[in-house]
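Peer 1: The listed protein sequences derive, respectively, from chains A and B. Here the first sequence is numbered in numbering that gives the first Met the number 0, starting from 0 and rising by one per residue. Here the second sequence is numbered in numbering that gives the first Met the number 0, starting from 0 and rising by one per residue.
Everything labelled a hint here was simulated from the structure, so no lab data went into it. Heads up, a few of these hints could be off.
[Unchecked claim] A few chain B residues that face chain A, going by a derived Cβ cut-off under 8 Å, partial list only:
(1) P375
(2) H378
(3) L403
(4) E407
(5) S416
(6) L419
(7) S423
(8) L425
(9) R432
Predicted model only: the values in this text are computed from it and were never measured. Cβ atoms here follow ideal geometry from the backbone N, Cα and C, with glycine treated the same way.
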Amino acid sequence: MLTLENLTLRQGDFGMTADWSLPAGARLALIGPSGAGKSTLLAAISGFLAPASGRVLWRGEDLAPLPPGKRPVAMLFQDGNLFPHLSVARNVGLGLRPDLRLTDEDRGAVTNALSRVGLTGLEDRRPAQLSGGQQSRAALARVLVMQRPLLLLDEPFSALGPALRREMLDLVGEVAEEAGATLIMVTHDPEDARRMAGLTAVVAEGRAEAPVATGALFADPPESLRSYLG
Amino acid sequence: MARGSLALRIGGAAALAVAVLVLAPLVAVLWRAGGAGWPTPADWSALRFTVLQAALSALFSALLAIPVARALARRRFPGRDALILLMGAPFILPVIAAIAGLLAIFGRNGLVNRALEAVGSGPIDIFGLHGVLLAHVFFNLPLAVRLLLDGWRAIPGERLRLAAQLDLPPATVFRLIEWPMLRARIPGILAVVFAICLSSFAVVLILGGGPAATTIELAIYQAFTFDFDLGKAATLAALQLVIVTFAAAAALSLSRSEGPGAGLDRMVVFAPVSPLLRLQDAAVLIATTVFVALPILMLLTQGAGSLTDMPPVIWTAALISVGVALASAALSVLLGLALALPRRNGIESIGMMTHAASALVLGTGLFLLLRPFTYPGNHVLAITAVVNAASALPFVLRSLSPDLRAAEADWGRLADSLNLTGWSRLRCLILPRLRRPLGFAAGLAAALSMGDLGVIALFPPPDAATLPLQIYRLMGAYRMETAAAASLLLVALSFGIFALFDRIGRHADA
């Protein structure tokens, strides 16, 4: 269970609050207008932003002392998920061993992950030699080998076409399912939320509301969501 | 974070070592002099001339570099790589050899005056402020071009592609994409050239001089060699330390930037097709090539004849010089990396400080410090290597620091989320992103050490000698042909060692 306990976040003039829990294995969509703090919330959970007050707890344990790389979190950013100077295989291998001293077993895991996301045979390519969809797949392969229980998506597929984006989201869903991971994704599209997430939290007006069932939310949207949906 | 504190500890230790290396010799000189007196009117006049010539040199070098670097950045043509390599030439050309080349063109019996004579015009005189400026622009314009070219290279290709896609006119591309890069880089470049020219010694010794054109460095040399007045030298050295430290601090605070943003290393050629711009770029590049290459070519025609019958002692000296240069480059790059890694301006400015202490003062101070324990002449090669490494440190830092900060700004968050720390971060993120500036820095440090004639001229070792010192001795004995040939060998070795390292670095992202 992920708990945001009386959480207040500040970045310059911007401030937001959150106070709720998310059961392990759940899938949560964060939806709301630009600049409302969706990415800020992910930054706090992944450890790139220290809370102004309150705590982020995972299975009852405060995450505050852990730097980003030591948290039980795998994250996909909006862009820049791959090092351009490393091959696809090495980019994925970093998820297993940050020092890249890969054993034969590790290399096998990398190969398996790449075939799982449909990139067999592209191990030695550089990111610039891949299409946008293939870059997303490579980053997803790294998430796969990291085997972290919390998976955060900060709109990593927003540059892809609708069909490709749905395909990638389905793949993420399968990956999260197999690993039993808890998934939190930022999205602008109600369709993505309906497709992917059982729960949705509205982030607006300096507050991240508590997650509610996605179907019920869109059937009877609260005022803050209605103005966003237009 | 653990990573931060480890880098900070190593960087702090390196900064301490550098500070001791710079300050201890100065203290030794001051102590030996029994406390230094207040600067005389002549000293103040030297200070004024020093600042004036350095400011003008920096301004001309940086402004002229903008069209040259822009033309180089946006054009692809056969020989472009060779031209970029040539832009590194004057900076690593051993100063004595370079001045000989410039005198062969602009000197009393040089090409220009002979041409003027042919058309019945009066001779021009290279000596004085304008001569000093000419030489400083010759040395520093190409350096500024290369530093700016790195700036253009660091602009993400995606951004230029977007501009091309939107069909933005050149003026808009300049304002939106290139001007922000220039605004971030030009102050730093101005400050570097300013600092180099503040401490320029050989150029002013030969082309300046007299009460109207004496710099602090030249005054220090005169205090040492003519008067052996250590007190006066120490006063001047303190003055020098103050103005250059001020310049370095100003440079660091001016050149702070957000970094250019992440790109995926796509190669994008953005050449406006307008024939007028094409003509302008061609003219700029040809003029620069002639200005930079001609003095070196003059040297070639003068020295080539005697290359084969040089005495063996020259070849021994060449070997010694290579050894000193490699040791100096290794030390300088390691120190530079240690100082740059914590990404703290305070630590970096200590590295920049080494430029403030003139090599002459550093050498004398080390001489005084070592004399109670051993005869320093026996260790002058080691002293030379250390002093050379210290002098190269600002250039090493200037080369490494922006790309290191860019690598951290672009990829630090991803590296953090993958728990890339310590050695792994260095190996998987920092070193691969820094190969180009590392190669450039190592080549620069080695070549600068190779051509240095500073400390070793003040305290010549009894048995061994470096190549520049041997050339100096040959000149003193009026064996001009052999001296020219040895100069040519020195030039070849300096260029060779620079090209080797720079190529290793640039090859990395092929």
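Peer 1: The structure should be examined with respect to each hint, and the outcome stated for every one.
Peer 2: Here's how the hints hold up against the structure:
A least Cβ separation of about 45 Å between P375 (chain B) and chain A goes past the 8 Å threshold, and the interface hint is therefore violated. For H378 (chain B), the shortest C-beta to C-beta distance to chain A is roughly 40 Å, which exceeds 8 Å, and the interface hint is violated. Because the beta carbon of L403 (chain B) sits about 14 Å from the nearest beta carbon in chain A, more than 8 Å, this interface hint is broken. Checking E407 (chain B) against chain A by beta carbon gives a least distance of about 13 Å; that is not within 8 Å, so the hint is violated.
Given the 8 Å rule on beta carbons, the hint for S416 (chain B) holds: about 5 Å separates it from the nearest Cβ of chain A. Interface restraint check for L419 (chain B): the shortest CB-CB distance to chain A comes to about 5 Å, inside 8 Å, so the restraint holds. For S423 (chain B), the interface hint holds, since its Cβ comes within 8 Å of a Cβ in chain A; the closest pair sits about 4 Å apart. Restraint check, L425 (chain B) versus chain A: the minimum CB separation of about 10 Å is more than 8 Å; hint violated.
The criterion of a C-beta within 8 Å of any C-beta in chain A is met by R432 (chain B), whose closest approach is roughly 6 Å, and the hint holds.
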